[in-house]
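Spelled out, the chains give:
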Amino acid sequence: MLRWPRNRVLLLLVVLLAAALFTLPFVSFAPNRLVSGQPVMLSRLLRGAGWLIPLIVPLLLLLAWQPLNRPTLILTLGLSEILLTLLVALGGHAAETLAGQGSALSRTSFGSGLWAAGALCLLIAADSVLRLTHNGAWRLLLNAQVWLPLILLLAGGQLDQLALLKEYATRQDVFDQALSRHLLLLIATLVPALLLGVPLGLFCYRRARWQATIFSVLNIIQTVPSVALFGLLIAPLAGLAAHFPWLARLGVSGIGLAPALIALVLYALLPLVRSVVAGLQQVPSGVRETAAGMGMSRGQIFWQVEIPLALPVLLRGLRVVTVQTVGMAVIAALIGAGGFGAIIFQGLLSSALELVLLGVIPVIALAVLVDALFNIAISLLERKTL
Amino acid sequence: MIEFKQVSKYFADKAAVDEIDLHIAAGEFTVLIGTSGSGKSTTLKMINRLVEHDKGTIQFAGEEIRGFNPQALRRRMGYAIQSIGLFPHWTVEKNIATVPGLLNWPLAQQQQRIAELLTLLNLEADLLHRYPHQLSGGQQQRVGVARALAADPEVLLMDEPFGALDPVTRGVLQQEMLRIHRLSGRTIVLVTHDIDEALTLADKIVLMDSGRIVQQGRPIELLTHPANDFVRDFFGRSELGVRLLALGSAGAAARRGEWLETSPIAAEMSLREALSQFIARQTDKLPVVDGKGTPLGVLHFGDLLRQRESA
Numbered sequence: 506m507l508r509w510p511r512n513r514v515l516l517l518l519v520v521l522l523a524a525a526l527f528t529l530p531f532v533s534f535a536p537n538r539l540v541s542g543q544p545v546m547l548s549r550l551l552r553g554a555g556w557l558i559p560l561i562v563p564l565l566l567l568l569a570w571q572p573l574n575r576p577t578l579i580l581t582l583g584l585s586e587i588l589l590t591l592l593v594a595l596g597g598h599a600a601e602t603l604a605g606q607g608s609a610l611s612r613t614s615f616g617s618g619l620w621a622a623g624a625l626c627l628l629i630a631a632d633s634v635l636r637l638t639h640n641g642a643w644r645l646l647l648n649a650q651v652w653l654p655l656i657l658l659l660a661g662g663q664l665d666q667l668a669l670l671k672e673y674a675t676r677q678d679v680f681d682q683a684l685s686r687h688l689l690l691l692i693a694t695l696v697p698a699l700l701l702g703v704p705l706g707l708f709c710y711r712r713a714r715w716q717a718t719i720f721s722v723l724n725i726i727q728t729v730p731s732v733a734l735f736g737l738l739i740a741p742l743a744g745l746a747a748h749f750p751w752l753a754r755l756g757v758s759g760i761g762l763a764p765a766l767i768a769l770v771l772y773a774l775l776p777l778v779r780s781v782v783a784g785l786q787q788v789p790s791g792v793r794e795t796a797a798g799m800g801m802s803r804g805q806i807f808w809q810v811e812i813p814l815a816l817p818v819l820l821r822g823l824r825v826v827t828v829q830t831v832g833m834a835v836i837a838a839l840i841g842a843g844g845f846g847a848i849i850f851q852g853l854l855s856s857a858l859e860l861v862l863l864g865v866i867p868v869i870a871l872a873v874l875v876d877a878l879f880n881i882a883i884s885l886l887e888r889k890t891l
Numbered sequence: 055m056i057e058f059k060q061v062s063k064y065f066a067d068k069a070a071v072d073e074i075d076l077h078i079a080a081g082e083f084t085v086l087i088g089t090s091g092s093g094k095s096t097t098l099k100m101i102n103r104l105v106e107h108d109k110g111t112i113q114f115a116g117e118e119i120r121g122f123n124p125q126a127l128r129r130r131m132g133y134a135i136q137s138i139g140l141f142p143h144w145t146v147e148k149n150i151a152t153v154p155g156l157l158n159w160p161l162a163q164q165q166q167r168i169a170e171l172l173t174l175l176n177l178e179a180d181l182l183h184r185y186p187h188q189l190s191g192g193q194q195q196r197v198g199v200a201r202a203l204a205a206d207p208e209v210l211l212m213d214e215p216f217g218a219l220d221p222v223t224r225g226v227l228q229q230e231m232l233r234i235h236r237l238s239g240r241t242i243v244l245v246t247h248d249i250d251e252a253l254t255l256a257d258k259i260v261l262m263d264s265g266r267i268v269q270q271g272r273p274i275e276l277l278t279h280p281a282n283d284f285v286r287d288f289f290g291r292s293e294l295g296v297r298l299l300a301l302g303s304a305g306a307a308a309r310r311g312e313w314l315e316t317s318p319i320a321a322e323m324s325l326r327e328a329l330s331q332f333i334a335r336q337t338d339k340l341p342v343v344d345g346k347g348t349p350l351g352v353l354h355f356g357d358l359l360r361q362r363e364s365a
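Those sequence lines, one after another, are chains A and B.
Quick note: to get our numbering, add 505 to the position in the first sequence (first position is 1).
Quick note: to get our numbering, add 54 to the position in the second sequence (first position is 1).
The hints are simulated quantities; they were obtained by calculation from the structure and are not laboratory data.
Virtual Cβ for every residue (Gly too), placed ideally from N, Cα, C.
Among the hints, erroneous ones may be present.
[To be verified] What the simulated footprint calls covered on chain B by chain A, stretch by stretch (three residues with Cβ under 8 Å from a Cβ of chain A suffice, anywhere in the stretch; the number is not a length):
1. 152 to 165
2. 216 to 224
[Stated by the list, open to error] The calculated SDA-like cross-link candidates involving lysine to any residue, where the alpha carbons are at most 20 Å apart (straight line), are:
3. B:Lys148 - A:Glu811
4. B:Lys148 - A:Ile806
5. B:Lys59 - B:Trp144
6. B:Lys59 - B:Lys148
7. B:Lys148 - A:Glu887
The following block holds chain A by itself, in its conformation from the complex:
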């Protein structure tokens, strides 16, 4: 009799994984980047270590019926990781063989089957990590190591023949510029946002009457679509730069960095001010009262009691703001602020999917990385006080 599996999440993911692998194209091959690619199925590409792929999938399926203990979970994590590595390696290998048959202009890219299967492998790994440990730092570490074999493949040149990396190779300097511009946008947004947002949050907290007004103004800003806000800033800034030439000499103009940074800072303010207020509000009133009662000055109460206790909430807000800014900076490319958005829009306009991915993947990676760094900082802070 067939028993109901213990790990139903795993069952679902493996079934989807098998479907993706065997019904969707594994890679697609085009003789040049202007024509759309021809799908190539996994069955045509299986050779060498690749034969392990159809073996691992049923193994993972069987694991769904095993008791949910540490060895099973470690095995699931390990198998999903090996599977992911094999899939990517096979994709890279396929690109190499297909490139040998075509010209230097030929393009091989991952097919929907490979993308879906890769994502499902990551989900399986993440699910096992989630069940394996409750410790935040361990979870991060285990999730991070999943990427290690892929980075090794990349660094070892195994994936060089993929369309994505061919695009990267021809545009390396553009990519590097976009990266530094994107980071500049991020830092140049966060610093003024903090300098404005923290005092504004303090003001809102101390003067409760003003809180509603300030929040509603910030809310309105937040609801303006980003493209519209970027557009709205063009006219006034261009006007300012025309009237005051010294502003133009400082680099202020209707398009470019200035309007992008203004808009990004404005968007960052609401979550930041909110988190400052929320952080200060959750400091217990008894703590504040005894601090005053023992003879701490206002400054001492603020720096030694209120700030450390509000910091985890403030960092959570800052994390949201940072991830949001990484994403929104992409749109700023529309008004000439540069960054990965420039690559993405160029790809979209010339319908070059690989180019779009070349811009999107680093943005996602940056967002995930920043998020993880903030998580580590927050969990380190809270280990003491929770």
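Given chain A's structure and the hints, the job is docking chain B onto it.
The following block gives chain B in isolation, referenced to the frame of chain A:
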């Protein structure tokens, strides 16, 4: 030590404290008691200027408290409250050393003082490096009291310090407060709404109602000579007798020179608890021993009746 003269405090034009006169003598354990909204907490907080008085004068050590820098004034007074207010991000050690730290005591002196306080409050040394959330409610409150006592303050102000504790822990901590008061002879002002707590702890009870002092004096005076019906009702007509008994101790009432070979009671036991023992053990004589276990004498059931005259 602390002298209130015609002191009033208004919140939104309503008097929270209304022209009170109050003298808190040095070394006295004063308990402010009353219903919620009677102004007892406001009165306490006016002493360390967490609440500023609007009318009248409050003198501390002979000077009007407005003449002091508020921070300097507060550092001369210990302060402990019900929700304890321990700093959750600081270890127990750092919490206790708050005021010595503010006063820039040398580190060695701080360490020595912390060690003394641990002994005084029966706290284990290995708690020092824990964080407040890792302690039990009773331990947290002990740390709160230790912190309030850390810089050897001239006055200890306590706002319902044991209100959130279970009855057993509360009782133990009340006994410890009495012991600390006896040992140090420190001036203590405590706010509570718990009548039995007030009777156990107070040298002097100040009963407040709607911002005014209704009666102040020794506990026995308030019980035996209530100024009006409010006082009589507050201390509970029906329980007046047992509350009177709560003021006397078995040791003081025992007849010396007598002895009985049955399990004895401790000299510190209140006569109220002794009454309970008489009933529970179905007897009318109980032997009493002192803290070291030496026989003191025998308490007779009839002795309970004579307490009123002797007290």
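Against the structure, the hints come out as follows:
no.: 1; hint: 152 to 165; in the structure: holds (count 3)
no.: 2; hint: 216 to 224; in the structure: violated (count 0)
no.: 3; hint: B:Lys148 - A:Glu811; in the structure: holds (16 Å)
no.: 4; hint: B:Lys148 - A:Ile806; in the structure: holds (15 Å)
no.: 5; hint: B:Lys59 - B:Trp144; in the structure: violated (40 Å)
no.: 6; hint: B:Lys59 - B:Lys148; in the structure: violated (38 Å)
no.: 7; hint: B:Lys148 - A:Glu887; in the structure: holds (18 Å)
Going down the numbered hints, you'll see the structure goes against 2, 5, 6, while the others check out.
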